[in-house]
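Number of protein chains: 2
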Amino acid sequence: MSEVLEELRRVLPPEALVTDPDRMESYRYDRAMFCPAGMPIAVVLARETAHVQAAVKVAAAAGVPVVPQGARSGLSGAANALEGCIVISLEKMDKILAIEPIDRYVVTQPGVFNAVLSRAVAEQGLFYPPDPSSWEFCSIGGNLSTNSGGLCCVKYGVTTDYVLGLEVVLADGRILRTGRKTVKGVAGYDLTKLLVGSEGTLGIITEATLALRPETARPRTMAALFSSGVAAGEAIVEIIRSGVSLSLLEIMDRTTIAAVNSYKRMDLPTEAAAMLIAQSDAGGEAGAADVAAVAKLCRDNGAIECIEADDPAEGELLLEARRAALVALDQLGTTMIDDVCVPRSRLADFIGAVEALATELDITVGVLGHAGDGNMHPTVVFDPTDPGQADRAQQAFDRIMEVGLELGGTITGEHGVGVLKRAWLAEEIGPVAVDVHRAIKAALDPQNLLNPGKVVES
Amino acid sequence: MSEVLEELRRVLPPEALVTDPDRMESYRYDRAMFCPAGMPIAVVLARETAHVQAAVKVAAAAGVPVVPQGARSGLSGAANALEGCIVISLEKMDKILAIEPIDRYVVTQPGVFNAVLSRAVAEQGLFYPPDPSSWEFCSIGGNLSTNSGGLCCVKYGVTTDYVLGLEVVLADGRILRTGRKTVKGVAGYDLTKLLVGSEGTLGIITEATLALRPETARPRTMAALFSSGVAAGEAIVEIIRSGVSLSLLEIMDRTTIAAVNSYKRMDLPTEAAAMLIAQSDAGGEAGAADVAAVAKLCRDNGAIECIEADDPAEGELLLEARRAALVALDQLGTTMIDDVCVPRSRLADFIGAVEALATELDITVGVLGHAGDGNMHPTVVFDPTDPGQADRAQQAFDRIMEVGLELGGTITGEHGVGVLKRAWLAEEIGPVAVDVHRAIKAALDPQNLLNPGKVVES
Chain Y
1 MSEVLEELRR
11 VLPPEALVTD
21 PDRMESYRYD
31 RAMFCPAGMP
41 IAVVLARETA
51 HVQAAVKVAA
61 AAGVPVVPQG
71 ARSGLSGAAN
81 ALEGCIVISL
91 EKMDKILAIE
101 PIDRYVVTQP
111 GVFNAVLSRA
121 VAEQGLFYPP
131 DPSSWEFCSI
141 GGNLSTNSGG
151 LCCVKYGVTT
161 DYVLGLEVVL
171 ADGRILRTGR
181 KTVKGVAGYD
191 LTKLLVGSEG
201 TLGIITEATL
211 ALRPETARPR
221 TMAALFSSGV
231 AAGEAIVEII
241 RSGVSLSLLE
251 IMDRTTIAAV
261 NSYKRMDLPT
271 EAAAMLIAQS
281 DAGGEAGAAD
291 VAAVAKLCRD
301 NGAIECIEAD
311 DPAEGELLLE
321 ARRAALVALD
331 QLGTTMIDDV
341 CVPRSRLADF
351 IGAVEALATE
361 LDITVGVLGH
371 AGDGNMHPTV
381 VFDPTDPGQA
391 DRAQQAFDRI
401 MEVGLELGGT
411 ITGEHGVGVL
421 KRAWLAEEIG
431 PVAVDVHRAI
441 KAALDPQNLL
451 NPGKVVES
Chain S
1 MSEVLEELRR
11 VLPPEALVTD
21 PDRMESYRYD
31 RAMFCPAGMP
41 IAVVLARETA
51 HVQAAVKVAA
61 AAGVPVVPQG
71 ARSGLSGAAN
81 ALEGCIVISL
91 EKMDKILAIE
101 PIDRYVVTQP
111 GVFNAVLSRA
121 VAEQGLFYPP
131 DPSSWEFCSI
141 GGNLSTNSGG
151 LCCVKYGVTT
161 DYVLGLEVVL
171 ADGRILRTGR
181 KTVKGVAGYD
191 LTKLLVGSEG
201 TLGIITEATL
211 ALRPETARPR
221 TMAALFSSGV
231 AAGEAIVEII
241 RSGVSLSLLE
251 IMDRTTIAAV
261 NSYKRMDLPT
271 EAAAMLIAQS
281 DAGGEAGAAD
291 VAAVAKLCRD
301 NGAIECIEAD
311 DPAEGELLLE
321 ARRAALVALD
331 QLGTTMIDDV
341 CVPRSRLADF
351 IGAVEALATE
361 LDITVGVLGH
371 AGDGNMHPTV
381 VFDPTDPGQA
391 DRAQQAFDRI
401 MEVGLELGGT
411 ITGEHGVGVL
421 KRAWLAEEIG
431 PVAVDVHRAI
441 KAALDPQNLL
451 NPGKVVES
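Chains Y and S are the protein sequences, given in the same order. Residue numbers for the first sequence, in the UniProt record's numbering: 1 to 458. Residue numbers for the second sequence, in the UniProt record's numbering: 1 to 458.
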């Protein structure tokens, strides 16, 4: 090990290398619950691609595993350190390199925070849609590695839909450039989209070219309250069926509403079992018409109250309830947030099944999520010092995924597999797909050194 | 070879196997010019996935190459037979299996024509956007294998943006299911998007789940005429800069306008050096405002005439000029259609450079294309019986790609690599990316039997 450290010292400037155990401690974990992490032998704070390349070459020569890391805001343990690994943190590679308004793309380093990039392009009248709830403290590199979603996916899609090209350090230290700077392109295999969402197991992203859209109009917002989660689920189906184009369609259940009420003193009606929040950014009369149509559909499908925001500030207030939901649930105990996506026609069934299993297991589950996509985040709340409860919480977490799969859904809509859902991945995709994953992993990383054991078991 | 045929006869019903050389002749070529093709030993007309699987297993056991084939409407030779291969045609797997209006997807076999699928979903108020010009005679399987684009990509993206999941027969005959039926999903590597555009070299697509959108409003159409191609290119830049959302933005140059005039007797003004055609499907006042804004931008940027269609029929007439363009150019001689995509900011430069090289090489080049994407189809017209001209045509075709790369573009925006552009692929993506292509190909097809020699040289 000391030889590896010596080599790292030789090829990297001193400020790019951390070996002090106290400092390294904070690079061990992302935000996932119940995921193990080891102690790295070194943390590389790369300032440029050459640092990543140099560290990977040292690791490859010595056969030491490498764990790439962004802002450690992930929820599946994909960025957790492995015992004896080299962590390569991209957090210092935080420069936006170019914004091109006509060709509508931005070239960026991976360490830039999503919110920083979004604001920078907005200043030029442009829009980078992917907006995970963590946008203020997650990095673009992490978004790319997990193919992040967000609130406006329902209209604008997810991260992969915006990635034109990547610069990637491969497992042997060579630099791969994928993709293009043009709107379209089919020259060869789509390596870009293979790398997006691969959670650092196939290469380390050191630069990205991301497509942008023109800025949108200010959104119109409405909220609707329902006396049952299932009724809300049915209203969602009718909203989808109507074809109205919403830029946001979120749901919160009774538990979440109560948590937000007590955390934010929001005076949401406590008799409500579910709340939908919808936005349209169509602008002008079209946006107003969209929101009015959704309000009517909600009323026709059993909403007990509809609130149409008169101005953007009031709309932002309604949305604040949704944004505060996770933090509010955190006040009730330790939380485990799940991330199941089901076909939208099965949303009511899913909500009903989660309610039933929470009752059966006598555990608190707050249901919230991106209703327009069918991507739900049932959040299990428990007291970790009560072993029975912790056990039932873990059971609930797993049963939620089971229900998702039974309804034709996926175990992860946007948070990724990491180590948290590795066993479940095989369940979802089956043995042939697992073999293909392993074959591709072996082709790109024959020594199995890039984030080994993440996504697929080694 | 006779043993292979015997095996195929044993595992396939008689109607699924063609060995008559006269019948096989028509399965040798797609629509690419100057691409060699061999004679297959058999053509399998698969009726179901099990036929594909059985044929692939026979081929794998005997080490015989397999060429998957859709409607043979491709323009790069990707579907051309190889000497001694087994062609597996998917044209008889032409059933739409399910249309789900709420979950907004269609499950289809690969042999369904694009237009048939588009019309079937339209009947249920749904919209499948990818619309290659060949939509009446190209199959969904071919669209998937080449990641086809089309006219409305400028607003709605290309094929890969609509593929949720695939059923694929692998090189060893196993069946892989990729993806999901939900809007979002990040469970494992994005094998779906790796397979889309891989031109049958990584697996044979036997079923696809495709995302749909709600139907759009009837489009509003306008056309603008310019006295130079460069002026039209500059107008395009201003249209993009304005942020107006168009569902179509096409361009035709002087040569193409003249060809259409003489073929269709359309009375387009012969003094025009370029024509833009734009559509907005925003509907109602918004659509009318979009088209008026584009007309103003065209006038401000030197348009000599703007025609705003009063009704859909008149709009369709304007679009007919664009749709007839390739057939019209075919009347002038043999054509080779190129497919270069450049950053939109470089369109005027690209158009100017193509005009210059046509003059320099004394050859006719009609420029037309998807201006809104920067995806241009300069079409070289020549007399193949004149060896000097044929030679200069080939030179022009290559020089067009060279110019595209110099301007930061790609050698293929939507037609694919096949055999036609294989040498150019290496030029564009470089040696590391070629190595990664080969590694992935070897991982999924270790015997190199699936469409060998297409995309990347073996």
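The set of hints was computed from the structure by calculation and includes no laboratory data. A few of these clues could be false.
Treat identical chains as interchangeable: a pair holds within one or across any two.
[Unchecked claim] SDA-like mimics (lysine to any residue), calculated; alpha carbons at most 20 angstroms apart, straight line: (1) K264 - E25; (2) K155 - F127; (3) K92 - S26; (4) K155 - R299; (5) K95 - N301; (6) K264 - P431; (7) K57 - V432; (8) K95 - E15; (9) K92 - E215; (10) K155 - F34; (11) K57 - P431; (12) K95 - S245; (13) K155 - L97; (14) K57 - L405; (15) K57 - S26; (16) K155 - A231; (17) K155 - S245; (18) K264 - G173; (19) K296 - A231; (20) K57 - P312.
Tested hints:
no.: 1; hint: K264 - E25; result: neither (33 angstroms within a copy, 74 angstroms between copies)
no.: 2; hint: K155 - F127; result: both (13 angstroms within a copy, 15 angstroms between copies)
no.: 3; hint: K92 - S26; result: within (15 angstroms within a copy, 59 angstroms between copies)
no.: 4; hint: K155 - R299; result: neither (23 angstroms within a copy, 33 angstroms between copies)
no.: 5; hint: K95 - N301; result: neither (48 angstroms within a copy, 36 angstroms between copies)
no.: 6; hint: K264 - P431; result: neither (47 angstroms within a copy, 56 angstroms between copies)
no.: 7; hint: K57 - V432; result: between (32 angstroms within a copy, 16 angstroms between copies)
no.: 8; hint: K95 - E15; result: within (17 angstroms within a copy, 62 angstroms between copies)
no.: 9; hint: K92 - E215; result: neither (29 angstroms within a copy, 45 angstroms between copies)
no.: 10; hint: K155 - F34; result: neither (33 angstroms within a copy, 43 angstroms between copies)
no.: 11; hint: K57 - P431; result: between (33 angstroms within a copy, 19 angstroms between copies)
no.: 12; hint: K95 - S245; result: neither (35 angstroms within a copy, 30 angstroms between copies)
no.: 13; hint: K155 - L97; result: neither (28 angstroms within a copy, 26 angstroms between copies)
no.: 14; hint: K57 - L405; result: neither (41 angstroms within a copy, 31 angstroms between copies)
no.: 15; hint: K57 - S26; result: neither (24 angstroms within a copy, 52 angstroms between copies)
no.: 16; hint: K155 - A231; result: neither (23 angstroms within a copy, 34 angstroms between copies)
no.: 17; hint: K155 - S245; result: both (7 angstroms within a copy, 15 angstroms between copies)
no.: 18; hint: K264 - G173; result: neither (49 angstroms within a copy, 58 angstroms between copies)
no.: 19; hint: K296 - A231; result: within (14 angstroms within a copy, 48 angstroms between copies)
no.: 20; hint: K57 - P312; result: neither (52 angstroms within a copy, 61 angstroms between copies)
The structure fails hints 1, 4, 5, 6, 9, 10, 12, 13, 14, 15, 16, 18, 20 (numbered hints given earlier, in ascending order).
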